[in-house]
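**Q** Chain residues, written in single-letter form:
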Amino acid sequence: MLGEGILKGLGETAKNFAGSFVSKERLTTVQYPEERIAPIENTRDFPFLVYDGAEDADEAAKLAGLRCVACQICEKECPPKCIYIVKSTDKKPDYVGKPQIYPARFDIDISVCMSCQICVEVCPFEAIKMDTEFELSTTDRFGGLLFDRDHLARSNQHYHKIHPTEAAEVDARLAEEKAKVEAKAKAAAEAAAAKAAAASAAPPVVKPAPAKEPGA
Amino acid sequence: MSSPGFKTYRPPVMEVSEEGDELLEVAMGPHHPSTHGVFRMDVALDGERVVKLKPVFGYLHRNHEKIAEKASYLASMPYTDRLDYFCSLTNNWAYALAVEKLAGLEVPERAEYIRVITAELTRIQNHASAIGFLMQEMGASGTPLMYAFREREKILDLFEELTGSRMMCNYMRFGGCRVELPVGWLNKVRVIVDGLPRFIDETEALLTGNEILMARSQGVGILKPDLAINAGVSGVMLRCTGVNYDIRKVDHYGIYDRFKFRVPLGDHGDIYDRYMLRVLEMRESVEILKQALKDVPAGPIMDPKSKIRGFRPKPGEAYGRIEAPKGELGFYLISDGSPNPYRYRVRPPSLINLTILEDMCLGQNVADVVLIFGSVDIVLGEVDR
Amino acid sequence: MKTAEELLAIIKAALPGAGVELVSNPSPSAQHSLLLGSSTAVAVASFLRDHDELALDYCSNATGVDWPGKEVTEKMKVTKLVEGVETVVEETVKRVEPGYLEAVYHLYSVKHAHREIAGPVVLRMRTANRTDQVQLPSLTPVWRSAEFQEREIFDLFGIVFTGHPDLRRILMWDEYEDHPMRRDYVDPDDYEYEPTPHDEVLKRAEAQKAGIRESGVTA
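Chains as they are written, first to last, in the numbering used here: chain A, 1114 to 1329; chain B, 2 to 386; chain C, 3 to 221.
Derived by calculation from the structure, the hints in this document are not laboratory data. Quick reminder that beta carbons are idealized off the backbone N, C-alpha and C, glycines included. Certain hints may be false.
Restraint-style ranges between C-beta atoms, simulated for each label pair [as the list claims (entries may be wrong)]: (1) B/GLY140 <-> C/ALA32: 45 to 55 Å; (2) C/ASP180 <-> B/PRO298: 47 to 57 Å; (3) A/GLU1172 <-> C/TYR187: 38 to 48 Å; (4) C/GLU23 <-> A/LYS1211: 56 to 66 Å; (5) B/GLY196 <-> A/LYS1274: 24 to 34 Å; (6) A/THR1142 <-> C/LYS205: 49 to 59 Å; (7) A/ALA1296 <-> B/ALA299: 25 to 35 Å.
Here are the simulated SDA-like pairs of lysine to any residue, each with C-alpha atoms no more than 20 Å apart in a straight line [what the hints assert, rightly or not]: (8) B/LYS71 <-> C/THR198; (9) A/LYS1291 <-> A/ASP1207; (10) B/LYS308 <-> C/SER29.
Let the sequences and hints guide you as you build the complete structure.
**A** Put into structure tokens, the structure is as follows:
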């Protein structure tokens, strides 16, 4: 019969239409922005700098806990070159207490950033990670899309909220590093203390001066 | 070095000899709802029939090849996502394959399985969208398209879990994959793959026997096999003419030799054949996925010899190609020992498939030009790079 | 599938005056190529396409490469008059090796696709220099897939293909007068706003700032 195929197709459409009243699978529209779907954990939007501290810390605390040491590896590897770093002239202690330089300026132009997350991949200090914020529209298309260091600095607790598994792994790795450094420092301190104790307990030993022979 | 300026629009220049008849010259595009992007076709019409057709593109030219000469090998990987923006994972794989040939890297087995799984998922969502867009141009107002997009959403959610991004995945690396599979991801893939045959059956019930589709697409836009081979046409366009050439079977790249799958071929080379081929290829991809998901081995996902930073392949050149959903996607790289490639070339399937657009459209009605063009399944990001 | 040396032997046997040479490829991909002479390129290409056993009927990729000229310093022994005596003196001579543009074609066989594969057959053609002698024969009459790709090589590199049915720009607009993929291409200086400058742009921005500071004039 001519038209059989069309009727069969209309049957499919009717099944989908009727089904959208009864089954969640057929009704896939989400009324954004009133309804939102649960965000997927691994999603990536734009980078942010991690600092170890409370979420509502002030600027000085943010800077003190900032993990970035301005090595500029992310700047070199960034494909569209959207990161701009100026190193500082002084140093501040990092999470194990070693003095490191920090970025005096760390700008990311998010109108250029393409969220490729290569900066995260190459960072050796777990200092830059990907955020999940995407509702960043602004009316200022030049300065409003240039994020500076204070805007980019978000706390480690924020990182735990948005990427729990990744943050747990990073914390485990950093704790391991810290434990290694502390163990090394303890061993060095013990060796120094033992040497000092041995030096004060034993009588002073006079070392004979080496004889100077002519032509030796 | 002239400065870029906007010239006033000139009507299409066609050297068409008019012998008594008046020919109507129409510029279809670049602002056009059915041209899959910014694409222009200068058509000369005799009434409704096409006498001459010249495709004009370059509106999306970003000189990706020049950008790659200034950036390192790794930094070009996110740019390959943006070539055929529907199928970013297959673009990544083609580039990684070419670099692996150039540098002599070996990919571990687990990474090969992940590559096959993601590539076949990409192929399914690309073919579903291609059928949907073709139906949209035929006048079906987006119903098959939205059904296809429903399945595509599920696949894109899988990609977001794996790579972090729905479309610009940037997942393959030279010598393997970037990151390990999240816990439970393979089970999610199995659930979705189990639901795919029902979706393909529904699409076929909706479309395959549809008299309107058959009337509009059978016998329209016929392509002959000799012309197709000589014009370098690849992918579904080549197989619809009956030529048995699927790069997965011919080049034996990756681990496709381990999977049993058939290659559907067309008889007539018309639009209906291309539609049916896409449906059948979706079914074959589901078969490959079922086999691949059964035994994904454990192990590393990166070649231990490969480096992320400071990657300098030895001087030389290599050409690597894969069967992307749109056709044969190839990358030609020349290295001179520095961290940036000396020459980086993308062989775009969509551009080469457009070579015979004029041949297919001659003598057809102008309404069919839109359909024929839609059945070639191009993406402007790839044509223009 | 034949290796490049075997192909060379077959071509030399069939077309003795062909002027084909082997260009070896040091990378692990081992895709060696054959360099064709401009006058016999179309004949060799047709031979390869119509040969029974080779049947290279599928031109997969056609692209261009720019090799700019380089300065070569050499030490040469020259006989010169030094203080009235003829002596042999070593001199360093600088000369410029002219660069050339190259067109590379990758060929496969569809007729014999299911034999054992060993990589594509790669053909190359080189121009005499980069300025005025940039003509090469077009292989579009042999393989139609080269039609759009040769137009792109003409557009982006500047190689003029003689015998091409419709040689005009394909990606850039028709009145454009440069060849963007050449190695000495300079981007037009039309930056509106560059908040994260690097490399040359940074140098130019700093030079401009220094110039303003010296003269005391702001734009």
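**Q** Quick check: which numbered hints come out false for this structure?
**A** none
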